[in-house]
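Colleague: Spelled out from the first residue to the last, the chains are:
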Amino acid sequence: MTPFTALLSIMFFPAGLSLIFSGMLYEWVDRKLVARFQNRIGPRWFQPLADTIKLLVKEEIKPHGLNSLLFYGLPIVALTGTLTAALYSPIFGLSPIHSFPGDLIVTLYLLSLLTMSMGLAGWNGSNRFSLIGATRTLTQLFAYEAPFLLALLGPAIAAGSWTIKDVSIYAGSHWMIFSQPVGFFIALIGLMGKLELPPFDAPEAETEIVAGALTEYSGRGLALFHIGKSVEMVVAVSLVTAFYLGGIGNPFLFLLKTLVIVLLMAMLQAMLTRLRIDQTVGMWWRFGALLALMQILILVIIKGWLV
Amino acid sequence: MTTEIHLQRAGELLAPFAKGTNNPEVNRLDVKIAASDLPAAASALTDASWGYLAAITGMDHGLDVNELEALYHFCEGAAVTTLRVSLPREGCPEIPSVSAQIPVASFFERELSEMLGVTVVNTPDPSRLFLPDDWPVDVYPLRQDFKQEQAASVQPDPTPEPGRVGNKFIVPIGPQHPALKEPGHFEFTVDGEIITGARMRLGYVHRGIEKATEQRNWIQNLYLLERICGICSHTHTSAYSQGVEKLAQVEVPPRALAIRELVAGLERIHSHLLWLGVVSHEAGFDTLFMYSWRDRETVMNLLEELTGNRVNYSICALGGVKHDIGTEQSATIHKALDYLEERIRYYLDVVTSDTTFLQRTRGVGTMTRDEAIHFGALGPTARACGVNRDVRLDAPYGAYKRFPVSIITDERGDLEARFVVRMKELLVSCFTIRTIVDNMPTGEIITKFPRKVPAGETVSRVEAPRGEAFYYIKSGGGESPTRLHIRTPSLCNWTSVINKAVGHQLADAPMLIAGMDPCFSCNDRMVTVRRQADTKTLSWFELREYGIKKYGQRK
Amino acid sequence: MNVSQNYVNKIIEKISTWARVNSPWAIHFNSGSCNGCDIEILATLTPRYDVERFGIKLHGSPRHADVLICTGPVTRQARERLLRTYEQMPEPKFVVAVGSCGISGGVFQGCYNIVGHIDEVLPVDAFIPGCPPRPEAIIDGIVKLLGHIQNGTRPEIMLTTGVQEAV
Amino acid sequence: MKIGSMFKEIVVSFFSPPVTENYPFEKPKTANRFRGKLAFNSSKCTGCNLCSKDCPANAIEIIIIDRAAKRFVARYNVDRCIYCAQCIQSCKFKCLDLSKDDWELAALQKGHFEVNYGKEEDIVTLLERFAQPKNEPG
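Residue numbers (our numbering), protein chains in the order written: chain A, 1 to 307; chain B, 1001 to 1555; chain C, 2001 to 2167; chain D, 3001 to 3138.
Treat the hints as calculated values from the structure; they're not laboratory data.
Quick caveat, the model's predicted, so the values are computed rather than measured.
Hints may be right or wrong, so weigh each one.
[Claimed, not checked] List of simulated lysine to aspartate or glutamate pairs, EDC-like, C-alpha gap at most 16 Å: (1) D:K3002 x B:D1349; (2) B:K1452 x B:E1304; (3) D:K3100 x C:D2119; (4) D:K3029 x B:E1305; (5) B:K1424 x B:D1438; (6) B:K1452 x D:D3054; (7) D:K3029 x C:E2120; (8) B:K1424 x B:E1305; (9) D:K3029 x D:D3102; (10) D:K3029 x B:E1297; (11) D:K3100 x B:E1341; (12) B:K1211 x B:E1149; (13) D:K3008 x B:D1349; (14) B:K1424 x B:E1342; (15) D:K3100 x B:E1305; (16) D:K3029 x B:E1304; (17) D:K3110 x C:E2136; (18) D:K3053 x B:E1304; (19) D:K3027 x C:E2136; (20) D:K3092 x C:E2120.
[Claimed, not checked] If you want a taste of the chain A side facing chain D, the calculated C-beta under 7 Å gives, among others: (21) K32; (22) F37; (23) N39; (24) M271.
We treat Cβ as the ideally placed atom computed from N, Cα and C, and that holds for glycine.
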């Protein structure tokens, strides 16, 4: 990995620009599928690209009474968090660029960096809607983080290592979805919680608190958050696919598998009503965490028995 | 319990206070009473649970007679008892408040005081209801000597920026808010996510229609009143034309009455499907919003086919109906109704069985039957709590005697019950429309109508999709009415929503507001922005000039 | 130097106009309308007309919106809020007045509580008459507005350089 | 109590073609009673102005250039009109009609909304009359 190819891989191929464009692709597929489930045509293929460019060239208003360092800094922190998480995750079915022992935990932390910076962005202002949006974002973060982490720990324990690369190689040979179906189900639902997709989009409930934490953002800040969200979708979906649906292999098959997961998520989005924040937290802690713990317990017992 | 018995019983109840009674129409009883014993008379009626307070109409009889008059209309079944209180015009006329016994009266009293200058003694909330903040203090639009120039805008006292009151938090849901397709103002004081207090301000959609009706002739008023509310436009035109035809003693041909009932049924289907979509959009269930509005397009096509316009159909004309609905349209109507009935049954099943949807509607905003009666709720919101009041059955008007409608009530009183009541009402409407189309009475569809309506006053009540719409029409014998008072159904449902909102989650607030299907509402939510263009700093006022100036010279 | 400089500007100009035309986010403000036009505006989002195929999305916050779709004969109470909503929207913003009473007061001309028409309060870019205009007529109005932005007949807004540092 | 009670419905609509009309590229057929833009036939008109008396939004005004020679010009503002067809009902001589296909009336300037119906030379004489100092009430 000469510094030049490292720079190239960070700037263009697996991370950087290609990631942002694949994030836009995934967002378009998601919006198109939801639209088709609602029996309408849905957006054109270049819609996320047009939205992002338009937001970038729009003027950014900074409201009075905000800490301007936080106002401009947080979107950048959010995007860098997700982009660095992408370095360790198996995007496009290729083995991750870098890996070090225990990078699963670091990646998940970096992914939730976006949600935390969004919560802080909402907190940093006098607008009541963004304050309530911020509290909801953070409460929901604590709700889905534990079950989602446990759901991803299942395959890690089965593979016997904490680095994503080894787990994906191990997952390549045995499909974890059959050995740990509960884990896959919780990972899928956790994914929707992390990306704040409709059943769990209380933090940005359009009809209650306008746009949640992002109410005051316009122009560049909003564009960075927007790109951050779609990149987070790519990273999280490829993580879950690598762990549960037969690891990394040829990129085309991997892309197909991720699109199957996006289809599942779009179907759930179209079918369910938005839950209130107390209902989501209640559901996560009662069902999500318990099921994930039970799954881990069974796994450890079997692992202990086998070895 | 026929109307005569109702009226006779009301006469007995009000005998101790009555200064003079008369029966202007077969189902109406006017009782003149002094202002001081108004609360006693009102509680006499409410304690004997004689009907409900439908509306308070304020009237100015003019400078020469030097008399203001407040009419308190109570309705029970088809009988209407009006308590008439006359007040001096000069000085400051006072009237005791009745909102202690009847909470919904506080809205009517606020309207009476700001429109006619009658100070209502110890009313809970004397603030403005409809008039804008910058309206001068002592100018009353519904007085006869009101000139438009008197109402120059006065610098309003700056509305306090709702922020933090003690440790409570005020969340304004404002005139521009995705939950409200219309401008409405709600301030919920929130403790965490739980609502502890609610305040609301109407007036953003107040255009001054009642005053405008006095400057237009009878025909033009038809189109002005149709645009009070775009969703239940047919209700207003049929109520208005029915009242004016009663005043002019014009006999409307039965075929025209049947066509009016048919279009009213179609409007109910379009209005309830629209409401189903809007509430599920607010609950975050966008798929149901998309599906219900897709199926609503069938009704809109049908309405366009029959009346010529998707919204504001203007099919009612004074003395009958403009377009005929004959046999060649009945085939399209039946085909459309088959599809609609099947879809409505499907939505009834979805709304009562989808778990995530039920978590947002079951047990939310539950209201008992007595609370509904006490708060004066009307229409499907009241019928969902078991109150069986429906003007089409209590006081059948138009063709409802010939093609009756069955009443749908539900006991649970929560948001889910309101869904169930509205969907079943649609099934009843579909059935009624089919019976009308199948045996449509023969005859022509419109009769001659005089341009001048003889003097007199009348009350006209119609069942709008949201509840009872109450019209009071007074004609001085000329080409235009001297007084026209409209009380729309949503005004009565607000009290129940505001009191019920306390104790619920903030996330339920939009659902509660939309649950009663408000016809108009509003508030401000913006944070002020001072923008610094290149070198100089713009103050707030300059910012506004800068904005308009920069875009102004573009044209 | 400035030859290549304004050549680059021209490309940026082209791309940003393309992006603006293809993703016009809208916000809806009802300044006193009878909600006939508002339900027709909402109807354009539903499957039969579906304006999302043009990239039009209804947003709740004026910060995220480019096109202000305004209905109703601005009542005196709503006038102040209408102005505030307009001011909150970031640069290149456009206003579409929907419905006859938004353009000329329609049937409410002469009522005491209305200002009359929207372009007395805001600079309006597209007028869509009708009471209410059909959803297709609203889409036709927006398509004309987008065409208007596309060929840039409207002098490009002097995009204030750099980020606005509010006081 | 089903988790996804609309599951069958969304799968069915996923595989069936969307109901969206391809509007700007194909114009839909409107009902023949649909009320679009006004059409005026000056030959039948007698200049009685009953239509402008009954119009709720004073959107139409018949200007009489020469009553005997039946030369009338109808000044119709598209933005004020509320398309209610009351003028058609009030007119005894059937010289007004709302077209059913002409409803794409959006414009970028308000100037387009002032329409004069009538024969060419009548409109010319009308515009000259306006060119002189404005004596006639607005």
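Colleague: N39 of chain A was flagged as interface toward chain D. Is the shortest Cβ-Cβ separation under 7 Å?
Modeller: holds, 4 Å
Colleague: Please verify whether K1424 of chain B and E1342 of chain B have alpha carbons no more than 16 Å apart.
Modeller: holds, 12 Å
Colleague: Take the C-alpha atoms of K3053 of chain D and E1304 of chain B, compute the straight-line distance between them, and say whether it is at most 16 Å.
Modeller: Given that 16 Å is the threshold and the Cα spacing comes to 27 Å, the pair is violated.
Colleague: Holds or violated: are the alpha carbons of K3029 of chain D and E1304 of chain B at most 16 Å from each other?
Modeller: holds, 12 Å
Colleague: Measuring from the C-beta of K32 of chain A to each C-beta in chain D, is the shortest one below 7 Å?
Modeller: violated, 11 Å
Colleague: Does the alpha-carbon distance linking K3029 of chain D and D3102 of chain D stay inside the 16 Å limit?
Modeller: OK: K3029 of chain D and D3102 of chain D at ~11 Å, within 16 Å.
Colleague: Would the hint linking K3029 of chain D and E1305 of chain B be met if the CA-CA limit is 16 Å?
Modeller: holds, 11 Å
Colleague: Is the straight-line distance between the alpha-carbon of K1452 of chain B and that of E1304 of chain B 16 Å or less?
Modeller: violated, 32 Å
Colleague: Sort out whether E1341 of chain B lies within 16 Å of K3100 of chain D, counting only the CA atoms.
Modeller: violated, 30 Å
Colleague: Hey, K3100 of chain D versus D2119 of chain C, does the alpha-carbon distance stay inside 16 Å?
Modeller: The given pair, whose Cα atoms are some 29 Å apart, is violated under the 16 Å limit.
Colleague: Given the hinted pair K3110 of chain D and E2136 of chain C, is their Cα-Cα distance within 16 Å?
Modeller: violated, 20 Å
Colleague: Within 16 Å, alpha carbon to alpha carbon, are K1424 of chain B and E1305 of chain B?
Modeller: violated, 25 Å
Checked against the numbered hints above, the structure breaks hints 2, 3, 5, 7, 8, 11, 17, 18, 20 and 21 and satisfies the rest.
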